[in-house]
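Student: Residue numbers (the numbering used here), protein chains in the order written: chain G, 1 to 166; chain Y, 1 to 166; chain E, 1 to 119; chain Z, 1 to 119.
Treat the hints with caution; some may be incorrect.
[As the list claims (entries may be wrong)] Below, a list of computed lysine to aspartate or glutamate pairs in the EDC-like style, where the Cα atoms sit at most 16 Å apart:
| hint | chain 1 | residue 1 | chain 2 | residue 2 |
| --- | --- | --- | --- | --- |
| 1 | Z | K86 | Y | D48 |
| 2 | G | K74 | Y | D84 |
| 3 | E | K20 | E | D30 |
| 4 | G | K140 | G | D78 |
| 5 | Y | K87 | Y | D134 |
| 6 | Z | K42 | Z | D13 |
| 7 | Y | K74 | G | D84 |
| 8 | G | K103 | G | D134 |
| 9 | G | K42 | Y | E34 |
| 10 | E | K42 | E | E69 |
| 11 | Y | K17 | Y | D84 |
| 12 | G | K17 | Y | D78 |
| 13 | G | K102 | G | D134 |
| 14 | Y | K102 | Y | D134 |
| 15 | Z | K51 | Z | D104 |
| 16 | E | K42 | E | E10 |
| 17 | G | K87 | G | D131 |
| 18 | E | K86 | E | D104 |
| 19 | Z | K42 | Z | E70 |
| 20 | Z | K86 | Y | D47 |
| 21 | E | K86 | G | D48 |
| 22 | G | K87 | G | E132 |
| 23 | Y | K17 | G | D78 |
| 24 | Z | K42 | Z | E69 |
| 25 | E | K86 | G | D47 |
| 26 | Z | K20 | Z | E5 |
| 27 | E | K51 | E | E5 |
It is worth saying that the hints were derived from the structure and are not from the lab.
If you're wondering where the values come from, they're calculated on a predicted model, not measured in any experiment.
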Amino acid sequence: MITTKEGGDGLPQAKKKYQLRIPSQTDNLELIREFVSRVARKVGFKDDAISKIELAVDEACANVIEHAYQKNAKKNIDVVIQIDYQKFTIIITDHGRGFDPKKIKQPDMKEYLAQMRVGGLGIYLMRTLMDEIDFNVQPKRNQVIMSKYFLDKKSKHSDQSEVRPN
Amino acid sequence: MITTKEGGDGLPQAKKKYQLRIPSQTDNLELIREFVSRVARKVGFKDDAISKIELAVDEACANVIEHAYQKNAKKNIDVVIQIDYQKFTIIITDHGRGFDPKKIKQPDMKEYLAQMRVGGLGIYLMRTLMDEIDFNVQPKRNQVIMSKYFLDKKSKHSDQSEVRPN
Amino acid sequence: MTGFEVLRAENGDITLLRLKGYLDAHTAPDLETALQRLIDEKRVKIVVSFKELTYISSAGLGVFMGFIEEVRGNGGDIKLTNMNQKIFRVFDLLGFPTLFEIRDDESHAVGSFAQPKSR
Amino acid sequence: MTGFEVLRAENGDITLLRLKGYLDAHTAPDLETALQRLIDEKRVKIVVSFKELTYISSAGLGVFMGFIEEVRGNGGDIKLTNMNQKIFRVFDLLGFPTLFEIRDDESHAVGSFAQPKSR
Ligand SMILES: Nc1ncnc2c1ncn2[C@@H]1O[C@H](COP(=O)(O)OP(=O)(O)O)[C@@H](O)[C@H]1O
Ligand SMILES: Nc1ncnc2c1ncn2[C@@H]1O[C@H](COP(=O)(O)OP(=O)(O)O)[C@@H](O)[C@H]1O
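Just chain G, same shape as in the assembly:
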């Protein structure tokens, strides 16, 4: 039933990799979104899943631009997409200032809204939109690794309509 194994040329989709390296500037976010959306569409995700992936990646890259590189546009962001049979993984790497992801608590949205605090929503969104998210922070190399499964993990019935041959 699942036909994602076949790429556009009838080739296996397993272990396909797409990579974008781009200057750390907010005016490149649009290009990054476009890149990720196109690859996601290509492998069979529908609009709904594509817009979730697009937003999660935007949030991660906006954080790199603002926090990791603090708007130093001489730095680069690496966006790598890895596709295998089950899932679509995006790895965003920077070589800037790291942070301790354990210290970033999921905000309590009620409390958050009551305080009308500005910012602090990005990581919450990323966690909510993607199926898996992992922060790998090392000296001089920080990564956010986010995945979306081809069969929707969150819905009870396996949502095969998310998958189509391309």
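Given chain G's structure and the hints, the job is docking chains Y, E and Z with the ligands onto it.
Tutor: For chains Y, E and Z with the ligands alone, kept in the frame of chain G given last:
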């Protein structure tokens, strides 16, 4: 008068680099064209120049897919865009089967058409569309390096309308 | 041409801001500028139309969060209208509907300002 | 959904192929298939409309080159119509207008087949 030195964030555009690494499949040509077009538009090229750059890059990448990698989609194509004050350079790298660019003659179009030969038009188009083109073929690493100047080199008057701040 | 535009129209003491294009970390400062200008002009009854907005990220939402207290403190409000599903979902995920008035239709939002309301 | 489509319509012994989307090394085989089918059916009076084609590369041009001799050898022709400037430029750069009949308008191309012509 020339305002390309300023990027969208008011940062110098000099030495900016955009890099895409993508599986060697013809169904990725569209994504490559989109990537190159967007970056070209961003730095101020107008539709006319953008469509020339887009076509030249497509031809070079289609050659890599067909000739260098002979449709082996496990291989990758590297498309790097380098921007400096004067020009927009695209470097397309493969690690496949090389060729001797000296042996590829500019076809005599009259003779070519008389014979109605199929193919052999790509390199001719690339040379015609870009301001500079260079083939750098080494054992295991082949590059096509193509440039377009922000001030149109080919027109007699310097065509500043090609350039706008972004 | 940044891919984002704010168009402004006035209707008595109510201001309508129509957003066009995408609102992300790159374009959010433009919206901030537009809202700051309204506050400086003491025009605090604000209706924002999302009809032609194609995309929003948390940087965009943050702008509304950043102004709502001040606007309400000055007897005004920021009412949000005409969101498509995709954009509404982002607001909804973050619980904004409990904090902001989000209406389907511009005219209703304008109308709801018109009712005299004691400060 | 490859981003390219060939729509076929018939008008007596003339066939109209309308191209949609982009014609590059990925989609050129689809056009090849469509033209090969016409030849197999001995339908060799062919008008191709580029009205909705947004992009062409040399792989696309090569397809026409690959069929024109055979089609003409069978008393037919491939006439090209409704190209936008950008697409015409590619044909022009490669000198195709000396080899192919390129018309502004579909109906003229169809009409030019209608004139009886001795083989
Ligand atoms: N890539 C990163 N590098 C360094 N610090 C980060 C990074 N991403 C997030 N942070 C830290 O985590 C905090 C929360 O991030 P987030 O939820 O995206 O909200 P915001 O970016 O709006 O503050 C940030 O304020 C920052 O201190
Ligand atoms: N990247 C490449 N790697 C190996 N050979 C190449 C490459 N690009 C071009 N060639 C050789 O040069 C020839 C001419 O290329 P081109 O003008 O693009 O026409 P075509 O690809 O249609 O044959 C090709 O047929 C091929 O033999």
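Student: If a hint holds in the structure, say so; if it does not, say that too.
Tutor: Outcome of the hint check:
Between Z:K86 and Y:D48 the alpha-carbon distance is near 8 Å, which keeps this suggested pair within the 16 Å criterion. A threshold of 16 Å between alpha carbons decides the hint, and for G:K74 with Y:D84 the separation of about 13 Å falls inside it, so the pair holds. A distance of roughly 12 Å separates the Cα atoms of E:K20 and E:D30; the hinted pair therefore holds under the 16 Å criterion. Under the criterion of a C-alpha separation no larger than 16 Å, the hint pairing G:K140 with G:D78 is consistent with the structure, at around 14 Å.
A threshold of 16 Å between alpha carbons decides the hint, and for Y:K87 with Y:D134 the separation of about 15 Å falls inside it, so the pair holds. Restraint check for Z:K42 and Z:D13: the C-alpha separation of about 9 Å stays at or below 16 Å, so the hint holds. With a CA separation close to 13 Å, the supplied pair Y:K74 and G:D84 stays within the 16 Å bound. Of the supplied pair hints, the one linking G:K103 and G:D134 holds, its CA atoms being roughly 14 Å apart against a limit of 16 Å.
Annotation: proposed proximity of G:K42 to Y:E34 holds, straight-line Cα distance about 14 Å (limit 16 Å). Under the criterion of a C-alpha separation no larger than 16 Å, the hint pairing E:K42 with E:E69 is consistent with the structure, at around 14 Å. With a C-alpha separation of about 9 Å, the suggested pairing of Y:K17 with Y:D84 holds against the 16 Å cut-off. For a cut-off of 16 Å, the pair hint linking G:K17 to Y:D78 stands: about 12 Å separates their Cα positions.
Distance hint between G:K102 and G:D134 is fulfilled; the C-alpha atoms sit about 11 Å from each other, no more than 16 Å. At most 16 Å may separate the alpha-carbon atoms for a hinted pair to count; Y:K102 and Y:D134 meet this at roughly 11 Å. The hinted pair formed by Z:K51 and Z:D104 meets the criterion: a straight-line CA distance of about 10 Å does not exceed 16 Å. Distance check on the hinted pair: E:K42 and E:E10 sit about 13 Å apart at the alpha-carbon level, within 16 Å; holds.
This hinted pair checks out: G:K87 and G:D131 have alpha carbons roughly 10 Å apart, not beyond 16 Å. Straight-line distance between C-alpha atoms of E:K86 and E:D104 comes to about 14 Å, which keeps the hinted pair within the 16 Å bound. About 11 Å separates the Cα atoms of Z:K42 and Z:E70, which keeps this hinted pair within 16 Å; it holds. Among the hinted pairs, Z:K86 with Y:D47 is consistent with the structure: their alpha-carbon atoms are about 9 Å apart, no more than 16 Å.
Pair hint E:K86 plus G:D48 holds up; C-alpha atoms about 8 Å apart against a cutoff of 16 Å. At roughly 10 Å between alpha-carbon atoms, G:K87 and G:E132 fall within 16 Å of each other, so this suggested pair holds. At most 16 Å may separate the alpha-carbon atoms for a hinted pair to count; Y:K17 and G:D78 meet this at roughly 12 Å. Only pairs whose Cα atoms come within 16 Å are accepted, and Z:K42 paired with Z:E69 is accepted, the gap being roughly 14 Å.
For the proposed pair E:K86 and G:D47, the alpha carbon gap of about 9 Å is at most 16 Å, so the pair holds. Restraint check for Z:K20 and Z:E5: satisfied, since their Cα atoms lie roughly 5 Å apart, inside the 16 Å limit. Of the supplied pair hints, the one linking E:K51 and E:E5 holds, its CA atoms being roughly 12 Å apart against a limit of 16 Å.
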